[in-house]
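J.: Next come the chains, spelled out residue by residue.
There are 2 protein chains.
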Amino acid sequence: MAVLGAIEAGGTKFVCGIGNEQGEIMDRVSFPTEAPEITMARVIEYFDGKNVEAIGVGSFGPIDPIIGSSTYGYITTTPKPHWSNYNLIGKLKAHFNVPMGFDTDVNGAALGEYTWGAAKGLDNCIYITVGTGIGAGAVAGGQLLHGLSHPEMGHILTRRHPEDSYEGFCPYHGDCLEGLAAGPAISRRWGTQGAELASDHPAWELEAYYLAQALMNYILILSPQKIIMGGGVMKQEHLFPLVRRKLQEILKGYIQHASLAADIDSYIVPPGLGDNAGLSGALALARLGV
Amino acid sequence: MAVLGAIEAGGTKFVCGIGNEQGEIMDRVSFPTEAPEITMARVIEYFDGKNVEAIGVGSFGPIDPIIGSSTYGYITTTPKPHWSNYNLIGKLKAHFNVPMGFDTDVNGAALGEYTWGAAKGLDNCIYITVGTGIGAGAVAGGQLLHGLSHPEMGHILTRRHPEDSYEGFCPYHGDCLEGLAAGPAISRRWGTQGAELASDHPAWELEAYYLAQALMNYILILSPQKIIMGGGVMKQEHLFPLVRRKLQEILKGYIQHASLAADIDSYIVPPGLGDNAGLSGALALARLGV
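Quick mapping for you: the protein sequence lines, in order, are chains A and B. UniProt numbering applies: residue 1 is where the first sequence begins, and numbers increase by one. UniProt numbering applies: residue 1 is where the second sequence begins, and numbers increase by one.
Note that these hints are calculated values from the structure, not bench results. There may be inaccurate statements among the hints.
Since the list can't tell identical chains apart, any single copy or any two copies may satisfy a pair.
Said to hold, decoys possible - Calculated cross-link-like contacts (lysine-lysine; reagent style DSS-like; alpha-carbon spacing at most 30 Å):
1. K80 <-> K91
2. K93 <-> K50
3. K91 <-> K246
4. K252 <-> K13
5. K120 <-> K235
6. K252 <-> K93
7. K252 <-> K80
8. K80 <-> K246
9. K120 <-> K252
10. K50 <-> K252
11. K13 <-> K246
12. K93 <-> K246
13. K93 <-> K13
14. K246 <-> K120
15. K50 <-> K235
16. K80 <-> K120
17. K50 <-> K246
18. K13 <-> K235
When you get a sec, could you build the whole thing from the sequences and use the hints?
T.: Next comes the structure, spelled out in structure tokens:
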């Protein structure tokens with residue numbers, strides 16, 4: 001069975017691992033994200049001699065995942081110091097002459113869940129992470145969703161709650177979804193980390209208010225067969241029923257489908273691959289390597 | 001060359017036509033949408049003896065376009081009298097034993113523009129109609145976008161303009177995009193049909209405010225390579241530059257791509273197929289017939 005390499009390239013940490021085409025992960029290592037020359041040297045050192053037959057990279061973004069583009073394989077306009085316009089795949093290809101798959105961390109996670117996880121056997125799904133930022137990836141008709149570039153679903157505009165005076169922290173849009181509902185918005189609005197807030201704290205109703213609007217828009221635009229929600233904020237499991245209920249309230253029965261009615265508990269779910277969703281996503285990308 | 005039948009099944013009128021695989025339309029007829037037994041009798045009469053080798057139907061909705069579903073080929077939960085749970089494809093199949101393609105009018109129009117029109121040669125696009133309602137269809141990765149069902153993009157929630165006190169007319173959501181920005185919203189808000197309002201009337205800035213938010217969400221979620229805007233309201237051509245400018249204002253440069261900067265005039269465009277977009281879309285659906 002082919003030995004595949006997987007790289008979950010996050011803004012805070014990199015996770016590298018070895019797995020196979022069945023999605024099994026045999027080995028992993030993790031280290032903080034520093035400047036590219038330091039971090040990529042550790043990546044290369046890790047894979048050296050492991051004879052991987054392909055490598056998949058699920059990366060923080062924005063990136064260029066469009067095959068044939070002159071900047072394919074780059075992390076593009078990130079504000080993260082030193083990583084802007086960094087040719088990540090070029091660096092790897094200089095050391096390992098194997099097929100490589102490259103996409104956003106969330107497109108990777110969506111593909112992993114589609115291949116081995118909560119969306120296995122379906123044709124499409126979306127994967128949303130709600131953590132230090134908000135991002136989402138999608139599989140549609142069995143393919144990763146691309147176009148001009150990759151989706152940037154975390155930056156959609158939702159309606160503000162009338163009692164929410166927090167201005168939002170997105171450096172581009174202020175109070176887009178990410179600006180109002182990612183982890184830093186919770187901690188700045190309430191002065192406490194979300195993990196410290198009781199499950200009946202009003203923070204969670206507000207969080208569900210914003211996330212449900214996002215899901216409504218994703219559903220009306222993409223019609224996914226499964227919605228998978230991961231990331232640090234979604235570790236608060238009590239959020240799931242709040243989000244499901246709010247979504248039903250605002251959809252007002254417009255889409256008549258069991259997934260949005262009796263079956264909603266199995267429609268909006270945590271990652272089937274659990275904490276492996278990111279690394280498994282990178283492994284799934286390795287299978288698409290070119 | 002194969003003779004193909006096309007049916008643009010609208011809530012107000014039906015258009016039937018004969019065309020070919022190159023998208024040429026050789027004949028057409030139009031009649032008002034009445035009860036199904038009357039309207040479908042005229043459809044069947046039109047195609048009788050024309051020896052079409054396939055038929056495509058782009059229909060008002062909601063519909064069930066999912067092949068294999070027990071209600072495939074039905075118009076499903078429409079409030080339109082007599083058409084709810086109507087087996088349109090079943091009726092046609094009882095008279096014409098040929099492959100048939102069936103999708104929403106807007107998914108059809110997106111496919112037509114992708115095949116022969118403004119998005120020819122691209123991998124994906126969206127087609128939005130702004131008329132008596134708002135709907136949108138999409139081609140993603142060369143395929144029509146489906147999932148649970150078809151997209152219902154007209155019902156997304158946008159932020160209300162602070163000076164807009166109109167409550168919206170959507171029977172489900174009140175002030176969703178369709179409720180605030182479709183043709184009836186313009187005429188009810190201002191007491192005059194949109195076509196009667198001067199191009200410097202404040203109605204148009206408000207219209208652009210809502211449509212630009214919708215495009216922002218569609219772009220961030222689907223990353224389309226081309227956005228095609230049709231329908232009666234978009235006949236006001238002065239709306240295009242207003243929408244493009246508002247979109248750039250609210251995106252705030254987040255997506256760095258020429259299509260959203262210097263090339264925006266060729267990114268957000270009227271239908272390449274003009275007033276044939278609907279019927280050509282049905283023709284394109286005939287080519288996918290099963």
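J.: If a hint holds in the structure, say so; if it doesn't, say that too.
T.: Right, here's what the structure says about each hint:
1. Taking the shortest Cα distances, K80 and K91 sit within 30 Å of each other inside one copy (18 Å), while across copies they are farther apart (59 Å).
2. In the homo-oligomer, the alpha carbons of K93 and K50 lie at most 30 Å apart inside one protomer (15 Å), although the nearest pairing across protomers, at 59 Å, exceeds that limit.
3. In this homomeric assembly, K91 and K246 never come within 30 Å of each other (Cα to Cα): the closest approach is 45 Å inside a single copy and 39 Å across copies.
4. Taking the closest pair of Cα atoms, K252 and K13 come within 30 Å of each other only across two copies (29 Å); inside a single copy the shortest separation is 41 Å, beyond that limit.
5. In this homomeric assembly, K120 and K235 come within 30 Å of each other (Cα to Cα) only inside a single copy, at 22 Å, whereas the closest approach across copies is 44 Å.
6. Proximity of K252 and K93 under a CA criterion of 30 Å is satisfied in neither setting, with 51 Å inside one chain copy and 34 Å between copies.
7. Taking CA atoms no more than 30 Å apart as the test, K252 paired with K80 passes between copies only; the shortest distance there is 19 Å, against 41 Å inside one copy.
8. Taking the shortest Cα distances, K80 and K246 sit within 30 Å of each other only across copies (28 Å), while inside one copy they are farther apart (35 Å).
9. For the identical chains of this complex, K120 and K252 are intra-copy neighbours only, at 29 Å inside a copy versus 37 Å across copies, given an alpha-carbon limit of 30 Å.
10. For a Cα distance limit of 30 Å, the shortest separation of K50 from K252 qualifies neither inside one copy, at 54 Å, nor across copies, at 44 Å.
11. In this homomeric assembly, K13 and K246 never come within 30 Å of each other (Cα to Cα): the closest approach is 33 Å inside a single copy and 37 Å across copies.
12. Proximity of K93 to K246 under the C-alpha cut-off of 30 Å is found in neither arrangement, the shortest distances being 46 Å within a copy and 42 Å between copies.
13. Taking the shortest alpha-carbon separations for K93 and K13, only the intra-copy value of 21 Å comes in at or below 30 Å, while the best inter-copy value is 58 Å.
14. Taking identical chains as interchangeable, the C-alpha atoms of K246 and K120 lie at most 30 Å apart only when both belong to the same chain, with a minimum of 26 Å there against 40 Å between chains.
15. Proximity of K50 and K235 under a CA criterion of 30 Å is satisfied in neither setting, with 34 Å inside one chain copy and 61 Å between copies.
16. For a Cα distance limit of 30 Å, the shortest separation of K80 from K120 qualifies neither inside one copy, at 34 Å, nor across copies, at 37 Å.
17. For the homomeric pair K50 and K246, neither the shortest alpha-carbon distance inside one copy (48 Å) nor that between copies (52 Å) is at most 30 Å.
18. Taking the shortest Cα distances, K13 and K235 sit within 30 Å of each other inside one copy (19 Å), while across copies they are farther apart (51 Å).
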